[in-house]
Amino acid sequence: MISDNASNKILVVDDDRDVLEMVSSLLIYWGHNVIACNNAQKAAEECRKGSICLIVSDVRMP
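Using my numbering, the letters of the sequence shown correspond one by one to residues 224 to 285.
In case anyone wonders, no lab produced these hints; they're calculated from the structure.
One or more of the hints may lead you astray.
Unchecked claim - Derived Cβ-Cβ restraints for the label pairs, each shown as a range:
| # | residue 1 | residue 2 | range |
| --- | --- | --- | --- |
| 1 | S230 | P285 | 29 to 39 Å |
| 2 | E244 | R283 | 13 to 23 Å |
| 3 | W253 | S280 | 15 to 25 Å |
| 4 | G254 | P285 | 29 to 39 Å |
Just so it is clear, CB atoms sit at the ideal spot from N, CA and C, and this is done for glycine as well.
Can you make the complete structure from the sequences, with help from the hints?
The structure is reproduced here in C-alpha cells:
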C-alpha cells in the first residue's frame, strides 16, 4: 500500500534542540508532516490530539 507521506504525522521528541532540528528537517525534506516537541509534556499534548502515525523519541529526557 502506498500512502502520501504528507498526510502522515510524525511526532519527533528530543530535549536536545540540535538533534530535534536535524531529525525534523530530514523528515520534512523527505516529505513528511512533522510535529517537533522538546519535552514530554508537549509530546503528550500532541498525542492526545490524535492522528500521530509514528513517534521518534529520545528515551532519556529530564
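Here's how the hints hold up against the structure:
no. : hint                    : verdict
1   : S230 / P285: 29 to 39 Å : 33 Å, holds
2   : E244 / R283: 13 to 23 Å : 19 Å, holds
3   : W253 / S280: 15 to 25 Å : 18 Å, holds
4   : G254 / P285: 29 to 39 Å : 32 Å, holds
When each numbered hint is compared with the structure, no violation occurs for any of them.
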